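For the sequence shown, our numbering assigns the number 51 to the initial residue and increments by one for each residue that follows.
Check before you lean on any hint, since a few could be wrong.
[Claimed, not checked] Derived lysine-lysine pairs resembling DSS-like cross-links, with alpha carbons at most 25 angstroms apart:
id, residue 1, residue 2
1, K255, K152
2, K255, K153
3, K255, K238
[Claimed, not checked] Computed Cβ-Cβ distance ranges for the label pairs, DEER-style:
id, residue 1, residue 2, range
4, E159, D217, 47 to 53 angstroms
5, G200, L76, 32 to 38 angstroms
6, V230, K153, 18 to 24 angstroms
7, V253, H218, 39 to 45 angstroms
8, H218, L76, 42 to 48 angstroms
9, K153, I254, 34 to 40 angstroms
10, L154, P188, 29 to 35 angstroms
11, G133, T247, 24 to 30 angstroms
12, C93, G64, 23 to 29 angstroms
13, T223, R119, 32 to 38 angstroms
14, G200, Y59, 31 to 37 angstroms
15, L154, A239, 30 to 36 angstroms
16, L55, E175, 18 to 24 angstroms
17, G61, T223, 28 to 34 angstroms
Calculated from the structure, these hints are not laboratory results.
Quick caveat: nothing in here was measured; it's all calculated off a predicted structure.
Note that the Cβ used here is the ideal one computed from N, Cα and C, for glycine as well.
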Amino acid sequence: MADQLRYDYLGCNGHPSIQTPNIDALAARGVNFKNAFCQSAVCGPSRMSFYTGRYVFTHGGTWNNIPIRVDEHTMGDFLRPLGYRVGLVGKTHFQRDLEGMKKLGISPESDLGVLISESGFEPWERDDGLHPDQSVSPDLAYNMYLREMGYEGENPWHSVANSALGDHGELLTGWAMRNVDRPARVDKAHSETAYMTDRAIEVIKT
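Let's have the full structure, built from the sequences with the hints guiding it.
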């Protein structure tokens with residue numbers, strides 16, 4: 051699932067110059083919903099609507115960090131009984147309904163609890179993509195990977211993968227549009243996108 055992808059920025063939807071061959075191929079082999087509408091301008095609720103096929107006010111996840119109700123079924127819940135193995139790699143921003151699980155006597159560590167906690171998918175490598183220095187996990191797998199690739203620092207996700215260098219060698223945030231013309235400090239092959247793509251391919255091949 052791509053984040054913040056405009057409908058009209060796809061070749062299959064008629065964009066005159068942007069090339070999206072892989073998405074175009076998926077559209078040609080599947081279904082291109084041309085009259086579907088995003089259910090929320092906020093990323094978390096929008097994803098939960100995509101996962102459940104329901105309106106925001108129905109599934110209950112009305113804002114980021116607000117969980118959908120514990121009894122909501124997601125794509126993973128519908129696909130597993132059909133024989134599909136469904137894995138979660140990358141960003142989701144899904145929040146588990148711990149209060150609802152407690153009321154139903156479901157332990158978060160149980161097999162069912164783990165599935166509910168990961169939006170109905172088998173967890174492989176979840177990375178919700180926000181790791182500022184003050185809250186970064188020491189176990190962040192992407193940081194471990196960057197260090198293995200030779201990038202130094204306590205949090206290379208921030209200092210390398212999401213930063214640029216200024217004219218005088220100062221560190222600039224990659225989150226500000228004023229720095230968008232600056233080259234990335236991480237090699238393309240080691241970027242977060244490439245890393246998560248490789249992880250997803252590993253899951254598919256497993």
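Checklist entry - Does the Cβ pair L154, P188 satisfy 29 to 35 angstroms? => result holds, 33 angstroms
Next on the checklist: Given the hint of 39 to 45 angstroms, is the C-beta distance from V253 to H218 inside that range or not?
Outcome noted: holds, 43 angstroms
Item to check | Assessment of proposed distance window 32 to 38 angstroms (beta carbons of G200, L76) | outcome: holds, 35 angstroms
Checklist entry - Do the Cβ positions of H218 and L76 conform to the proposed distance bound of 42 to 48 angstroms? => result holds, 45 angstroms
Next on the checklist: Run the distance test for K255 versus K238: straight-line Cα separation, threshold 25 angstroms.
Outcome noted: Satisfied, since the Cα-Cα distance of roughly 23 angstroms is no more than 25 angstroms.
Checklist entry - Cβ-Cβ distance between G61 and T223: within 28 to 34 angstroms? => result Holds: the Cβ-Cβ distance is about 32 angstroms, inside 28 to 34 angstroms.
Next on the checklist: Quick check: does the Cβ-Cβ distance between K153 and I254 fall within 34 to 40 angstroms?
Outcome noted: This hint holds: roughly 36 angstroms between Cβ atoms.
Next on the checklist: Would the hint linking K255 and K152 be met if the CA-CA limit is 25 angstroms?
Outcome noted: violated, 36 angstroms
Checklist entry - Does the Cβ distance between E159 and D217 fall inside 47 to 53 angstroms? => result holds, 51 angstroms
Checklist entry - For the pair G133 and T247, does the Cβ-Cβ distance stay inside 24 to 30 angstroms? => result holds, 25 angstroms
Item to check | Beta-carbon spacing of G200 to Y59 - inside the hinted bounds 31 to 37 angstroms or not | outcome: Given about 34 angstroms between the Cβ atoms, the range holds.
Item to check | Assessment of proposed distance window 23 to 29 angstroms (beta carbons of C93, G64) | outcome: holds, 25 angstroms
In summary, the structure is inconsistent with hints 1, 2, 6 and 15 from the numbered list given earlier, while agreeing with the others.
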